[in-house]
Amino acid sequence: MSEPDYHSLLGELQVEEGAVRHILDAVPFSADLLKRVRAELAEIGEECGQAAAAFAFGSLARYDASDCSDLDLGFLYFPDRIPKDGAAALRDKIMARLRSLAIEVPEKTFLRPIPVPDLTSHIGGPAETNEMLTYRALVLTESEWIVGAPTATEIRNAIFYRYTEGMTTRGKNLTSLSNDLHRYYRTLCVDYRFKVEEGRKPWAIRNMKLRHSRKIWHLGNIVAECACLFEENHDARLAELLGQPPLWRIAHGLRRYGKVQVAARLFRAYDAFLQEMADKDVRGALDTLNFEEAYADTKFATMKESAHEVQRAAATILRELAEAPECRDYMERYVWL
Amino acid sequence: MAVTDHWVVFDLIGVLAEPSWRDIASLAPSEWDAFKVGRTSEEEFWSGKHQKTYRKLLGFRTDRLNYLRALKDRGYRVCVATNFSAKWLDYLLEKIPDRDLFDARCVSDEVKAAKPAPEFWAKLGDRVGPGSIFIDDRRENCKAAEGAGFRSVWAHPACRLEEEVERLLSGPQARATKKDSHRQTSV
Numbered sequence: 001m002s003e004p005d006y007h008s009l010l011g012e013l014q015v016e017e018g019a020v021r022h023i024l025d026a027v028p029f030s031a032d033l034l035k036r037v038r039a040e041l042a043e044i045g046e047e048c049g050q051a052a053a054a055f056a057f058g059s060l061a062r063y064d065a066s067d068c069s070d071l072d073l074g075f076l077y078f079p080d081r082i083p084k085d086g087a088a089a090l091r092d093k094i095m096a097r098l099r100s101l102a103i104e105v106p107e108k109t110f111l112r113p114i115p116v117p118d119l120t121s122h123i124g125g126p127a128e129t130n131e132m133l134t135y136r137a138l139v140l141t142e143s144e145w146i147v148g149a150p151t152a153t154e155i156r157n158a159i160f161y162r163y164t165e166g167m168t169t170r171g172k173n174l175t176s177l178s179n180d181l182h183r184y185y186r187t188l189c190v191d192y193r194f195k196v197e198e199g200r201k202p203w204a205i206r207n208m209k210l211r212h213s214r215k216i217w218h219l220g221n222i223v224a225e226c227a228c229l230f231e232e233n234h235d236a237r238l239a240e241l242l243g244q245p246p247l248w249r250i251a252h253g254l255r256r257y258g259k260v261q262v263a264a265r266l267f268r269a270y271d272a273f274l275q276e277m278a279d280k281d282v283r284g285a286l287d288t289l290n291f292e293e294a295y296a297d298t299k300f301a302t303m304k305e306s307a308h309e310v311q312r313a314a315a316t317i318l319r320e321l322a323e324a325p326e327c328r329d330y331m332e333r334y335v336w337l
Numbered sequence: 001m002a003v004t005d006h007w008v009v010f011d012l013i014g015v016l017a018e019p020s021w022r023d024i025a026s027l028a029p030s031e032w033d034a035f036k037v038g039r040t041s042e043e044e045f046w047s048g049k050h051q052k053t054y055r056k057l058l059g060f061r062t063d064r065l066n067y068l069r070a071l072k073d074r075g076y077r078v079c080v081a082t083n084f085s086a087k088w089l090d091y092l093l094e095k096i097p098d099r100d101l102f103d104a105r106c107v108s109d110e111v112k113a114a115k116p117a118p119e120f121w122a123k124l125g126d127r128v129g130p131g132s133i134f135i136d137d138r139r140e141n142c143k144a145a146e147g148a149g150f151r152s153v154w155a156h157p158a159c160r161l162e163e164e165v166e167r168l169l170s171g172p173q174a175r176a177t178k179k180d181s182h183r184q185t186s187v
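One line per chain: the protein sequences are A and B, in this order. In terms of this note's numbering, the first sequence has 211 at position 211, counting the first letter as 1, and numbering is strictly consecutive. In terms of this note's numbering, the second sequence has 1 at position 1, counting the first letter as 1, and numbering is strictly consecutive.
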């Protein structure tokens, strides 16, 4: 990913800076934090050599992080270049260093070093796991390197190649990849159910993330896919768009159809969400809010309305795209069916 | 190993190595524009801390390095053509056992010209054969190289680089290039 310049879009979006202040402010915050983390981990990176890479996923990689954000860390390695326990030791060093810098690294989804071959094989097969699908989707669409830049790029390319090299199944619009990304989105939605119902995890914040950032991530993929239809360099353009933050993907994808301004409503709605997520008290309240109490809670009610607004804005974008016959045909075949 | 006079020219950052300096510092484009052609020193470009950090982070991609070595084993000659600091390139080369990896180099701060300016291609043409293959991750550089008589491979994120290079190496133009190798490339 690269640092998005949302300022350059404001004219086309017909949006004032003040209406998307939190989106704009999050970019330099995230970029500066990434640069700082890379510098602080540089020596561990020398130990990793070309054997491994560490990625930031989530809000930091989307460039919409704030003081309240933690760092979702993914650590991938080549087992023919470093043994498993060596990879684990390096990952532990990275975690310790980040925590010494008072950067919170949750131990939830990304708990262990992952061998790269696990991500590039068994795609769609019985040996595949949700974990592998998660890593593939995030490395391609929501990641920034923090250790081992050369190896991180090699890994990203290797994952993308697995979709492009399937000459029988790739589909002319690389639907082998888009199917996997759509599948990941549905996995997130079902995973939410497991975490809340059986895992008894806090539901409100997960609910809000699913209805804001996760939905926008999914929308961003659909818009990117539509924007690349019949492109001379389809795969190049798709890889480029998928490697950008979702809001950027959406605006640039809509530009192909002369409809950047349609994204304005979504930008405003998402800005409101970021404002809430940057508030420690709001996060704290969401973490402890019971489902039974939610509908009487005024803050939750506000955020629920924000989620509805994201939905309405997203639906408008899809309807506008569907006015182009090739987009409608694509969405009928590969999104709705 | 067959000896050939075929050259394969590689861009550095984004093709063979990472990261870009932009991944660790936010500087004005004008600062880079001056530094990359040797008009300013590294000390003027950025801080001592950045200088040390960047050297630690720089590294070749294993897959690309292996392919480059394989090309050399097959008798092709390889050149690096990059908007970069010669000191950075030298430091990067110190990290691998085959420091004389490149048969030629065209580095912007040594030749005092940068891609995609015409002067850069003239300098590159002084070093490699006409019609050589040029690989870059920026499309505008590939187009400029084509305009200067090179054959290009755009190394975008979805590019299957080895396949694209092999296609050019084995295509009809490869045979034509050999026949025309006595002619000078003009810019």
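To be clear, the hints were calculated from the coordinates, so they are not data collected in a lab. Worth double-checking, as some hints may not be accurate.
For lysine-lysine, the following DSSO-like pairs were computed, each having C-alpha atoms within a straight-line distance of at most 30 angstroms [claimed, not checked]:
| no. | chain 1 | residue 1 | chain 2 | residue 2 |
| --- | --- | --- | --- | --- |
| 1 | A | Lys280 | A | Lys93 |
| 2 | A | Lys299 | A | Lys35 |
| 3 | A | Lys108 | A | Lys259 |
| 4 | A | Lys259 | A | Lys209 |
| 5 | B | Lys143 | B | Lys123 |
| 6 | A | Lys299 | A | Lys280 |
| 7 | A | Lys259 | A | Lys280 |
| 8 | B | Lys49 | A | Lys35 |
| 9 | A | Lys93 | A | Lys172 |
| 10 | A | Lys84 | B | Lys112 |
| 11 | A | Lys35 | B | Lys52 |
| 12 | B | Lys95 | A | Lys93 |
| 13 | A | Lys35 | B | Lys123 |
| 14 | B | Lys72 | B | Lys49 |
| 15 | B | Lys123 | B | Lys95 |
| 16 | B | Lys56 | A | Lys35 |
| 17 | A | Lys35 | B | Lys72 |
| 18 | A | Lys108 | A | Lys172 |
| 19 | A | Lys84 | A | Lys209 |
| 20 | A | Lys93 | B | Lys123 |
| 21 | A | Lys108 | A | Lys84 |
| 22 | B | Lys95 | A | Lys84 |
| 23 | A | Lys172 | B | Lys49 |
| 24 | B | Lys49 | A | Lys93 |
| 25 | B | Lys52 | A | Lys93 |
| 26 | B | Lys52 | A | Lys259 |
| 27 | B | Lys95 | B | Lys52 |
| 28 | B | Lys56 | B | Lys87 |
| 29 | A | Lys304 | A | Lys195 |
| 30 | A | Lys280 | A | Lys172 |
Output of the computed footprint for chain B on chain A, the stretches with three or more beta carbons under 8 angstroms from beta carbons of chain B [stated by the list, open to error]:
| no. | stretch |
| --- | --- |
| 31 | 70 to 77 |
| 32 | 145 to 152 |
| 33 | 235 to 247 |
| 34 | 299 to 311 |
No residue lacks a Cβ here, since even glycine has one placed at the ideal position from N, Cα and C.
Inset, instruction - Output the numbers, in ascending order, of every earlier hint that fails for this structure. - result: Violated: hints 2, 3, 7, 9, 10, 13, 14, 17, 18, 19, 20, 23, 26, 30, 31 and 34.
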